[in-house]
Amino acid sequence: MNDSKFIQIQGVEQAFKTPKGRFVALQGIDLTVAKGEFVALIGHSGCGKSTLLNLIAGLTRPTQGTLLCANREIAGPGPDRAMVFQNHSLLPWLTCFENIYLGVERVFGRTEKKPQLQQRTDDALALVGLTHATHKRPGEISGGMKQRVGIARALAMEPKVLLMDEPFGALDALTRAKLQDELLAIVQKTQSTVVMVTHDVDEAVLLSDKIVMMTNGPAATIGEVLSVKLPCPRNRVELAEDRHYVMYRKAVIDFLYTRQGHVEKAA
Amino acid sequence: MVSAVFHSPLEQARADVAASRSTTAAPIPTSPRSGSMLRGVLNYTVLKVLPPLAGLALLVLLWQITSIKTAGSIPTPAETWVQALQIFSDPFYRNGPNDQGIGWNVLASLQRVAVGFGLAALVGIPAGFAIGRFAFLGRMFNPLISLLRPVSPLAWLPIGLLVFKGANPAAIWTIFICSIWPMVINTAVGVQRVPSDYMNVAKVLNLSEWKILTKILFPAVLPYMLTGVRLAVSTAWLVIVAAEMLTGGVGVGFWVWDEWNNLNVKNIVIAIFVIGIVGLVLEFALIKLATAFTFEEVKS
Chain A
10 MNDSKFIQIQ
20 GVEQAFKTPK
30 GRFVALQGID
40 LTVAKGEFVA
50 LIGHSGCGKS
60 TLLNLIAGLT
70 RPTQGTLLCA
80 NREIAGPGPD
90 RAMVFQNHSL
100 LPWLTCFENI
110 YLGVERVFGR
120 TEKKPQLQQR
130 TDDALALVGL
140 THATHKRPGE
150 ISGGMKQRVG
160 IARALAMEPK
170 VLLMDEPFGA
180 LDALTRAKLQ
190 DELLAIVQKT
200 QSTVVMVTHD
210 VDEAVLLSDK
220 IVMMTNGPAA
230 TIGEVLSVKL
240 PCPRNRVELA
250 EDRHYVMYRK
260 AVIDFLYTRQ
270 GHVEKAA
Chain B
27 MVSAVFHSPL
37 EQARADVAAS
47 RSTTAAPIPT
57 SPRSGSMLRG
67 VLNYTVLKVL
77 PPLAGLALLV
87 LLWQITSIKT
97 AGSIPTPAET
107 WVQALQIFSD
117 PFYRNGPNDQ
127 GIGWNVLASL
137 QRVAVGFGLA
147 ALVGIPAGFA
157 IGRFAFLGRM
167 FNPLISLLRP
177 VSPLAWLPIG
187 LLVFKGANPA
197 AIWTIFICSI
207 WPMVINTAVG
217 VQRVPSDYMN
227 VAKVLNLSEW
237 KILTKILFPA
247 VLPYMLTGVR
257 LAVSTAWLVI
267 VAAEMLTGGV
277 GVGFWVWDEW
287 NNLNVKNIVI
297 AIFVIGIVGL
307 VLEFALIKLA
317 TAFTFEEVKS
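Same order as they appear, the protein sequences are chains A and B. According to our numbering, the residues represented by the first sequence are 10 to 276, in order. According to our numbering, the residues represented by the second sequence are 27 to 326, in order.
Because the hints were derived from the structure by calculation, they are not lab data. Check each hint, because a few of them may be wrong.
Rough simulated footprint, nothing fancy, chain A against chain B, three-plus residues with beta-carbon under 8 Å [said to hold, decoys possible]:
no., region
1, 186–196
2, 236–244
Distance condition first, Cα-Cα at most 27 Å in a straight line; then the derived DSSO-like pairs of lysine-lysine [claimed, not checked]:
no., chain 1, residue 1, chain 2, residue 2
3, A, Lys169, B, Lys292
4, A, Lys122, B, Lys237
5, B, Lys95, A, Lys14
6, B, Lys229, A, Lys169
7, B, Lys314, A, Lys26
8, A, Lys123, B, Lys292
9, A, Lys169, A, Lys187
10, A, Lys198, A, Lys238
11, A, Lys44, A, Lys187
12, A, Lys14, A, Lys123
13, B, Lys95, B, Lys237
14, A, Lys123, A, Lys44
15, A, Lys145, B, Lys191
16, A, Lys187, A, Lys123
17, A, Lys26, A, Lys44
18, A, Lys169, A, Lys198
19, A, Lys145, B, Lys292
20, A, Lys123, B, Lys95
21, A, Lys219, A, Lys169
22, B, Lys314, A, Lys122
23, A, Lys198, A, Lys44
24, A, Lys145, B, Lys95
25, A, Lys187, A, Lys219
26, A, Lys238, A, Lys44
27, A, Lys44, B, Lys229
All of these numbers come straight from a predicted model, not from anything done at the bench. Where is the CB? At the ideal position from N, CA and C, for every residue including glycine.
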């Protein structure tokens with residue numbers, strides 16, 4: 010297996026049937042993601058970032074082109090590509106433990122016994138620092154904690170790829186920063202491959218190895234790919250004045266607001 | 027629905043009182059705490075206890091006026107009260123099949139409702155799940171449901187009498203028919219309204235159909251299902267009285283009709299109150315049950 014071409018997206022087009030006719034959301038998408046790489050998809054809302062992520066997740070199928078993960082065609086959703094949803098999507102009638110256990114059981118239930126499965130669940134909760142909330146229901150914990158459970162649920166399945174759809178979008182700025190730092194540390198530890206949708210420039214530069222900037226829809230495509238070569242581990246306070254960091258940040262802002270900013274979405 | 031309409035004016039009034047209390051408290055700084063406490067008790071009495079009592083008083087007043095205007099063919103509240111005390115002093119007597127205490131009659135009706143409703147739940151809830159989950163079944167059964175649902179359940183009584191050859195099973199059959207629709211429809215709607223996020227979780231985790239049913243569909247649909255159960259039980263309780271009037275035997279409906287044949291209007295009025303109170307208790311219990319199983323939804 011070629012580690013530099015872990016996820017391959019070739020000539021992908023995604024169109025939807027609408028009452029007004031065919032709507033092309035994505036067109037001519039070509040992208041490769043290396044193993045262990047952290048890729049951010051950034052663009053204005055409605056540009057099809059989430060559509061692309063759903064394609065990688067296998068929740069939807071492209072109208073044209075192919076998507077490969079580890080040299081296998083992505084034919085549907087699978088536990089090798091775990092997803093963290095924007096609104097956490099925890100099941101409110103299950104405790105944090107049970108929410109994570111559901112995924113763990115599905116992936117490892119055939120090969121491992123119950124104590125091992127429980128251990129995996131406990132480990133995942135410990136990884137996101139939520140051991141104390143093991144037996145709480147999602148309704149009893151804060152938004153940031155819910156999102157951490159969502160991440161733990163995804164990580165506990167030991168996915169080949171971690172897909173994140175604006176995972177911190179619904180959180181306040183302080184909680185978001187804290188979770189970004191935690192995510193950085195976790196990804197460093199687990200060496201996960203991550204594809205993350207975001208609309209936050211700082212988040213993209215701070216977290217990623219590669220920023221994929223998308224043009225405005227309809228028929229959105231990849232406008233530019235920026236490699237972020239900042240040393241790891243990254244520290245947000247030190248980076249704030251780092252020359253390269255500022256440069257990368259400027260490049261993304263320039264793309265988003267100067268080159269893509271004036272195109273208003275046709276209603 | 028009804029409870030929401032009843033509650034909101036009270037909540038509003040309480041908020042108003044709280045607001046007015048904070049503004050009026052300022053000019054009398056010397057008044058000790060007991061003063062405001064007294065006012066609190068007063069407010070509570072005025073807002074919480076008085077209105078229901080006033081409503082009840084209005085009912086009794088209208089009843090009394092009707093009684094006077096009809097020259098006593100409708101008994102007065104006082105007469106009915108005396109009669110009620112007598113009836114409830116011995117609710118469980120048996121003098122042959124057509125003369126039994128009010129307790130037996132209520133229990134007989136409740137038993138029919140329970141059996142008819144139980145059978146309807148056994149059929150209706152799984153049917154609702156299937157219709158909601160599989161679009162084909164939905165399209166197949168929706169026209170049938172739309173056609174049959176508006177039919178008064180009593181119209182099915184003759185069919186029941188013919189098929190089951192007995193008054194009691196026919197009454198149960200009528201209850202079955204009237205209580206199955208709300209359960210089928212609410213369960214199906216509940217299944218269709220399971221947030222797509224939950225179904226996406228199911229897809230991403232690649233859960234089996236059994237896990238989807240037990241861990242996602244069933245808990246998500248439960249509140250809808252319990253609404254269906256509540257509607258079914260209240261409809262069943264409405265219908266059983268009418269059905270028993272036609273089938274006879276033991277039961278509140280039969281009892282009302284029997285007392286009408288005896289021209290014993292006091293007992294009819296008592297029966298109306300008994301039916302109302304039993305219905306109220308059933309409704310209250312089911313609302314309590316429903317709130318215990320309602321979880322916070324994912325905000326999208």
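Where does the structure disagree with the numbered hints, that is, which hint numbers, in rising order? Violated hints (numbers, rising): 1, 3, 5, 7, 8, 12, 13, 14, 15, 16, 17, 19, 20, 22 and 24; every other hint is consistent with the structure.
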